[in-house]
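Participant: Residue strings, one per chain:
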Amino acid sequence: MRGRLSVPVPGLSAEPEVAPRVQSGERAELRRLMERLADGDRSAFRPAFALLWPQLRAFATRLVGGPDGEDAAQAALLRVFSRASEYDPGRDALSWALGIAAWECRTLRRKRERRREQTAGPLERLVAPGATPEEAVIERDLRLAAEEIAGTLRPLDLETLLAVASGARPASGATFRKRLERALARFRLAWRAKHGKE
Amino acid sequence: MERNDPTLTLETRARRSYELGRLRHALRLAPFVIVAAAAAVACGRPLLLAAALTCVLLPLCVGLSFTGGPAGRGVVPGLLAGAPALAMPLLIATVGHACFGEACLSLCLPACVVGGGIAGAVIAKLAVRQARDPRFLAAALAVAALTGALGCTISGAAGVLGMLAGVVAAGTPLLVAARR
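In order, the protein sequences belong to chains A and B.
Here the first sequence stands for residues 778 to 975, where the numbers follow the working numbering.
Here the second sequence stands for residues 34 to 213, where the numbers follow the working numbering.
Keep in mind the hints are simulated off the structure, nothing from the lab.
Any given hint could be a false lead.
Stated by the list, open to error - Covered, in the sense of this in silico footprint (three residues per stretch, anywhere, with C-beta under 8 Å from a C-beta of chain B), are these stretches of chain A:
| no. | stretch |
| --- | --- |
| 1 | 809-817 |
| 2 | 857-871 |
Unchecked claim - Sample of chain A residues lacking proximity to chain B, with all beta carbon distances greater than 10 Å (derived):
| no. | residue |
| --- | --- |
| 3 | 802 |
| 4 | 803 |
| 5 | 891 |
| 6 | 894 |
| 7 | 956 |
| 8 | 973 |
Each residue gets a CB set at the ideal place from its N, CA and C atoms; glycine is no exception.
So that you can see chain B by itself, here it is in the shape it has in the complex (with noise of 0.2 Å):
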């Protein structure tokens, strides 16, 4: 085509207008994501942990939702199963346990690892209607662990790592079972 072709340059614009059409539409998710995080801070997260964790949470979730794909529809169900791990170490936060030493591991940590759990069945049961599909189970992975982190971190390393194992101890035999 000519350069100065009228339909090209339409074409162009066109093509302009999408790009942009899916950005805005991906960056309807940020305000969830700031929701959480703002969540996280309010019940006595670190700052500055809050803060990192929603650096590299913000930017993933709205740029895999304006990529799009297998990858772009993980972001939602991710977010969604990440919201219980998230909220269940903040509430009992907020009832008035202390979560410290031994403490910690009585309450804090089982809720971390019961948040990871649902999270882990949530993402299996859709990644089934997926088609099982490797890049809509890693996103959705990546943003549940990120959000779930964000509350989990309550317990520190322990508690991220008991979410983590409560995704896979459930998502694991949901997914094993679908393949049969």
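Bound-form chain A, shown alone (with noise of 0.2 Å):
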């Protein structure tokens, strides 16, 4: 898949969206260079090369986004050759080179939450006074995924949606709710594809 994607959403089933624009010659391609690679052809390394790593970035943008997925993808296509003597000729390459790439953005994105909790500062953990540690932990929670949410977000939406959070709302009205619904609409769309639910 050589374009653009569109917004992307961390937790989105990406292959079913990226695995059928890729065309059936291009597959069968692919699959024919893995095989080859899988019998220590190097030749086939270049074109395999370049047809497998627009698909990976792809896929890890859409699956993590930003430069997380740029990340992800580079491991995956690491990975991916890594592994090329395990190739077995009777499995689609393209899916294969998915699943791979698709369990490398779920460890990419684990290690960012175990960290974020580690980094996590004593004020920030402690929600609410007076609430109970199971409050403490929803609540929390929800932050965490709101914030990972946002991060999937347009600049301009996130700014908007900060702008409300903070308080501070510019002047031209009219304008900014036009903005702040649509953002809002965005975030919900977002979560709902994350979470399944409001």
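Dock chain one against chain two, each of which comes alone in its own frame, and use the hints as you go.
Facilitator: Listed below in structure tokens is the structure:
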């Protein structure tokens, strides 16, 4: 897939969106190239790289979004070539590669979440004075989920939502209201895509 | 492409990953070769001789498997085909048969020839499937001969020659028949 993707939504399965767009000729060609690579034919490396990299980048960007997607795509690409000798010619090469990419995306996301939990200060962990530990955990999880969704929004949408949250509304009310409605709609859409409910 | 092109850097890294992956894949054969050598030593083969044969067999298996292609595909069939030639004389030795002088000609040498015959038949059959590629055939024969030699040296040079004769005697008719 050569085109640019729309707004990335983490957690949304991207394989059904990416895979069908790949032409069957390219798919078959990739299969042949991976088969040759598995057999040790080095001349298949460059064309396989040229076919795989855009697919993996599109897939990972769709799944994780932004620079994280690029990182995950690179890790997935290296993993795919590292495991090329194990490739079973009976399997579809693209599905196999996307499976590896999905795993890399999940690993990267978990790493980021763990790091965020570790770096969160004691004040951030303390959600509300007097709240029960259960309430605190629920609120923290909700906040993390909202932050994750916000990270996938367009910069303008994010700016609008942050302006509302901080109480700094600009003067032109009607324009801002429309922008806010659109930002909230996109936020809800992304939330539903990830969590399935509001 | 420019030197600092990130795609080029990624391609280089991907290429390195591929080569390392192939090496890791090829090294999976090493335990089988080491176990074969250990079995030969455990059954009374001289340590130095077994070590010398392993020093040739191990890099050959790993190198061919790493390189890949028809020769790489011949490594595993070669190891499997050489296993009977390795096992038969060793099994005969472990059941109490002493391989000295004429006694050796009665049991150990025929065992080497039979083991070689099995190896030859297996390799010939698999070579037919690989369109009788000479690289496949050469790699499989070399690996099988070295694997079998780990056991067949029990009968000295005659054992190894007998095994090779068995390989040729069993393999050639199959290959000729397949060509017709």
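Participant: With reference to the structure, classify each hint as holding or not holding.
Facilitator: Hints versus structure:
1. Taking a C-beta to C-beta cut-off of 8 Å, the stretch 809-817 of chain A contributes 3 residues in contact with chain B, enough for the three needed, and the coverage statement holds.
2. Counting residues of the stretch 857-871 of chain A whose C-beta sits closer than 8 Å to any C-beta of chain B gives 6, which meets the bar of three, so the coverage hint holds.
3. Every CB of chain B is more than 10 Å from the CB of residue 802(A) (nearest about 23 Å), matching its label as outside the interface.
4. The non-interface label for residue 803(A) is consistent with chain B: the shortest C-beta to C-beta separation is roughly 18 Å, beyond 10 Å.
5. No beta-carbon of chain B is positioned within 10 Å of the beta-carbon of residue 891(A); the least distance is around 25 Å.
6. At roughly 30 Å, the least C-beta separation between residue 894(A) and chain B is larger than 10 Å, which holds for a residue marked as non-interface.
7. Every beta carbon of chain B lies more than 10 Å from that of residue 956(A), the smallest distance being close to 35 Å; the non-interface claim holds.
8. A cut-off of 10 Å between C-beta atoms confirms that residue 973(A) is not in contact with chain B; the least separation is 35 Å.
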